[in-house]
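Trainee: Sequence:
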Amino acid sequence: MQIVNVGNAGIYLTDEKQSILIDGLYGVNEFFHDRPQLLLKAASGQTRSFRNIDNLLFTHRHQDHFDSQLVNAYIKNNQVGHVYVPAPCQPGRSYEDTKPVGTAGNTELFTVGASDEEIFYHPLNDTMWAVFFKTRHMGADIFSVRHYSLALVGNGESYLFMSDADWSCSVRNVQEIIKGTKLKALFVNPLSYIDQAGKSWMRRIQPESVIVYHIPYTDRGQTGIRALAEEIARCHHTMPWKLHILEHRLQRLIIN
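So the mapping is simple: the working numbering equals the position in the sequence shown, first residue as 1, plus 188.
The set of hints was computed from the structure by calculation and includes no laboratory data. We put the beta carbon where it would ideally sit given N, CA and C, even for glycine. Treat each hint with caution, since some may be false.
What the hints assert, rightly or not - Mimicking EDC-like on lysine to aspartate or glutamate, the simulated pairs with C-alpha atoms at most 20 Å apart in a straight line are:
| hint | residue 1 | residue 2 |
| --- | --- | --- |
| 1 | 370 | 203 |
| 2 | 205 | 222 |
| 3 | 372 | 218 |
| 4 | 370 | 396 |
| 5 | 367 | 383 |
| 6 | 370 | 314 |
| 7 | 229 | 204 |
| 8 | 370 | 329 |
| 9 | 322 | 364 |
| 10 | 367 | 306 |
| 11 | 367 | 419 |
Stated by the list, open to error - Across the chosen pairs, the derived CB separations fall in these ranges:
| hint | residue 1 | residue 2 | range |
| --- | --- | --- | --- |
| 12 | 419 | 287 | 16 to 26 Å |
| 13 | 286 | 343 | 16 to 26 Å |
| 14 | 264 | 225 | 28 to 38 Å |
| 15 | 370 | 412 | 29 to 39 Å |
| 16 | 329 | 204 | 43 to 53 Å |
| 17 | 431 | 359 | 29 to 39 Å |
| 18 | 279 | 309 | 35 to 45 Å |
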């Protein structure tokens, strides 16, 4: 699987059968400012890169993960197979983009959490499934929103994207989701990675690699997240997984 960091929590994955973009068509807020120009151009049909992505998936509707206007533009100007977007909260929450997503052509739109379900799963193709499982957004109540973490499962392998989840979700439940597969990579943000509860959780789930992502290209928002990621890189010792940090624009990884 080839992985490309497209900014913030945006991850672009490709293999010989498919292309997947997770949280990659996003807006801005006071914490995250940078948006990749190539994706903005792809949404309007002005470049060859990042065009006609098979599957667009979103973990929640915070503006730094999801932008309805950009998603609608991308669907209009590209051939997209599936779009998965969590249902908005009623009423909408702080930092949440509650505007609707439309479809065009043969695009199928799936609303995750329309019935407030704990788990939502759907085949992306004949070999891989997307499994959304409800988790709690980390931090203060102001950040509370309908939030799902995501497992990609297929061909005896799995990938976990925790997004902005705290560590209150059951390890056993997640182990059941990925049962019978080799967990190739677990994606976590820097704040989650330094949490001691997270270290215990990650040891139990046993990933081959942990990928630290959701890092701004600059610290213009004065969040300190970029500096924290650099500290993680310096202090990583004796962990039972390979550590990768996605901190550079369009940084690429190959996970075999």
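Trainee: Against each hint, give a clear statement of whether it holds in the structure.
Mentor: Verification of the supplied hints:
1. Annotation: proposed proximity of residue 370 to residue 203 holds, straight-line Cα distance about 17 Å (limit 20 Å).
2. Our distance criterion of 20 Å between C-alpha atoms is broken by residue 205 and residue 222, whose separation comes to about 30 Å.
3. Annotation: proposed proximity of residue 372 to residue 218 is violated, straight-line Cα distance about 33 Å (limit 20 Å).
4. Distance restraint check for residue 370 and residue 396: the Cα-Cα separation of roughly 8 Å lies within the 20 Å cut-off, and the hinted pair is therefore satisfied.
5. Between residue 367 and residue 383, the direct Cα distance comes to roughly 25 Å. Violation of the 20 Å bound is thereby established for this hinted pair.
6. The hinted pair formed by residue 370 and residue 314 meets the criterion: a straight-line CA distance of about 19 Å does not exceed 20 Å.
7. With a CA separation close to 24 Å, the supplied pair residue 229 and residue 204 exceeds the 20 Å bound.
8. With a CA separation close to 35 Å, the supplied pair residue 370 and residue 329 exceeds the 20 Å bound.
9. Of the pairs offered as hints, the one joining residue 322 and residue 364 holds, with about 14 Å between alpha carbons and a cut-off of 20 Å not exceeded.
10. Proximity of residue 367 to residue 306 is assessed by CA-CA distance (about 18 Å); at most 20 Å being required, the pair is judged to hold.
11. Taken as a hint, the residue 367 and residue 419 pair is broken in the structure, with Cα atoms around 33 Å apart against an allowance of 20 Å.
12. Here the CB-CB span from residue 419 to residue 287 is close to 37 Å, at odds with the stated 16 to 26 Å.
13. The supplied range of 16 to 26 Å is broken by residue 286 and residue 343, whose beta-carbon atoms lie about 36 Å from each other.
14. Against the hinted window of 28 to 38 Å, the Cβ-Cβ separation of residue 264 and residue 225 comes to about 19 Å, which falls outside the hint.
15. For the pair residue 370 and residue 412, the beta carbons lie near 34 Å from each other, so the given range of 29 to 39 Å is met.
16. As the Cβ distance of residue 329 to residue 204 is approximately 44 Å, the hint placing it in 43 to 53 Å holds.
17. Taking the beta carbon of each, residue 431 and residue 359 are about 20 Å apart, not inside 29 to 39 Å as hinted.
18. A C-beta distance of roughly 28 Å is found between residue 279 and residue 309, which places it outside the suggested range of 35 to 45 Å.
Of the hints listed earlier, those the structure fails to meet are numbers 2, 3, 5, 7, 8, 11, 12, 13, 14, 17, 18, in rising order.
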